[in-house]
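Asks: Chains as they are written, first to last, in numbering that gives the first Met the number 0: chain E, 0 to 151; chain H, 0 to 141.
In short, the hints are calculated from the structure, not lab data.
Backbone N, C-alpha and C fix where the C-beta goes; we use that ideal spot for every residue, glycine too.
Between beta-carbon pairs, the in silico distance windows are:
| id | chain 1 | residue 1 | chain 2 | residue 2 | range |
| --- | --- | --- | --- | --- | --- |
| 1 | H | Arg104 | E | Glu112 | 51 to 59 Å |
| 2 | E | Ala104 | H | Ile18 | 49 to 57 Å |
| 3 | H | His21 | E | Tyr37 | 52 to 60 Å |
| 4 | H | Asn140 | E | Glu87 | 13 to 21 Å |
| 5 | E | Met75 | H | Arg104 | 53 to 61 Å |
| 6 | H | Glu16 | E | Val98 | 46 to 54 Å |
| 7 | E | Thr141 | H | Lys120 | 22 to 30 Å |
| 8 | E | Leu55 | H | Glu68 | 47 to 55 Å |
| 9 | E | Glu128 | H | Glu26 | 31 to 39 Å |
| 10 | H | Ile48 | E | Val12 | 40 to 48 Å |
Computed cross-link-like contacts, DSS-like style, restricted to lysine-lysine with a CA-CA straight-line distance of at most 27 Å:
| id | chain 1 | residue 1 | chain 2 | residue 2 |
| --- | --- | --- | --- | --- |
| 11 | H | Lys1 | H | Lys61 |
| 12 | E | Lys78 | H | Lys6 |
| 13 | H | Lys61 | E | Lys78 |
| 14 | H | Lys61 | E | Lys106 |
| 15 | H | Lys120 | H | Lys1 |
| 16 | H | Lys1 | E | Lys78 |
| 17 | E | Lys78 | H | Lys62 |
| 18 | H | Lys61 | H | Lys120 |
| 19 | H | Lys120 | E | Lys106 |
| 20 | H | Lys20 | H | Lys1 |
| 21 | E | Lys23 | E | Lys78 |
| 22 | H | Lys73 | H | Lys20 |
| 23 | H | Lys62 | E | Lys106 |
These are the residues of each chain, in order.
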Amino acid sequence: MIGILYVFVIGDVIMQYLSGQEAKAKYQENQQSSETKYRLVVKLHLLHCCKYIEILIIRLSRKRKGVTFVDTLMIMSIKVLFFGQLAEISGTDVLETEVRTDTAALKRFLETEFPGLQQMVFNIAVNSEIIETQAQLQAGDTVALLPPFSGG
Amino acid sequence: MKNIFVKGSILPSFIGESIAKHQAKTEIGAHSIFLGQVRADVIENRQVISIGYTSYEELALKKMHEIREMMFEKYQLTCMHVYHSLGEVPVGEICLYVFTSSPHRRAAIDACNEIVELIKKELPIWGREIFSDNAHQWKVNK
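Start from the sequences and build out the full structure, keeping to the hints where you can.
Replies: Structure representation (structure tokens):
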């Protein structure tokens, strides 16, 4: 019972946290002086180790339930792409995150995770289609955040 | 789908060559060409030295394809070519090249103008104005 709870809730939550932290650390790595850079590199490696241990635990727990190894690879996630100034605010070009019901819920999550997004104006595209008001999301979707265009 | 993206600036020699390539298409009576060049803007006492372009390429190519279909339906065009730079383009160099051809001039001229406006409005491309002190600012299209 505890095993199932761990696998489906806590395990995935920890993975999302670690992925987010890794993305932040990677971004910060490029911004700092060489001394703090060293500390950030160590932090990055520690996060990497944590992620691998986490994946091992999740896979071992799921294996005990009779779920195949292939199933463990299909993590319920969506990809979020950040463009223009939004990439600077989030510190990353791409973020893998847990699937949300719809784009409004995703937007709320991202604005909490990256408060700088709250002041920004942007359109949202789901699987390369700009959406008008909002759209339902499912695992495997790619959501892109598009600030005002400035090509040409 | 045609790829419109070019890494770095668009060279004058490339533009000249594409004109030469249309020599054999003898039904053409007019070409209209638009070139976008990076301007040395001065913003709050800082000089722009280049613009760095990024794009959501998949969506940009999809939209460009739609624009292309729309233009061929609306105007009697023989040819239409669009090239946009990605990456850094220094001041004075070309970042956008639109080339339309038609039997009579009206179609080529009008289509070229409309395409430029649509590109600036519809394509998911972003420009980062880079200053001489390495600071940058995100371009805003007017």
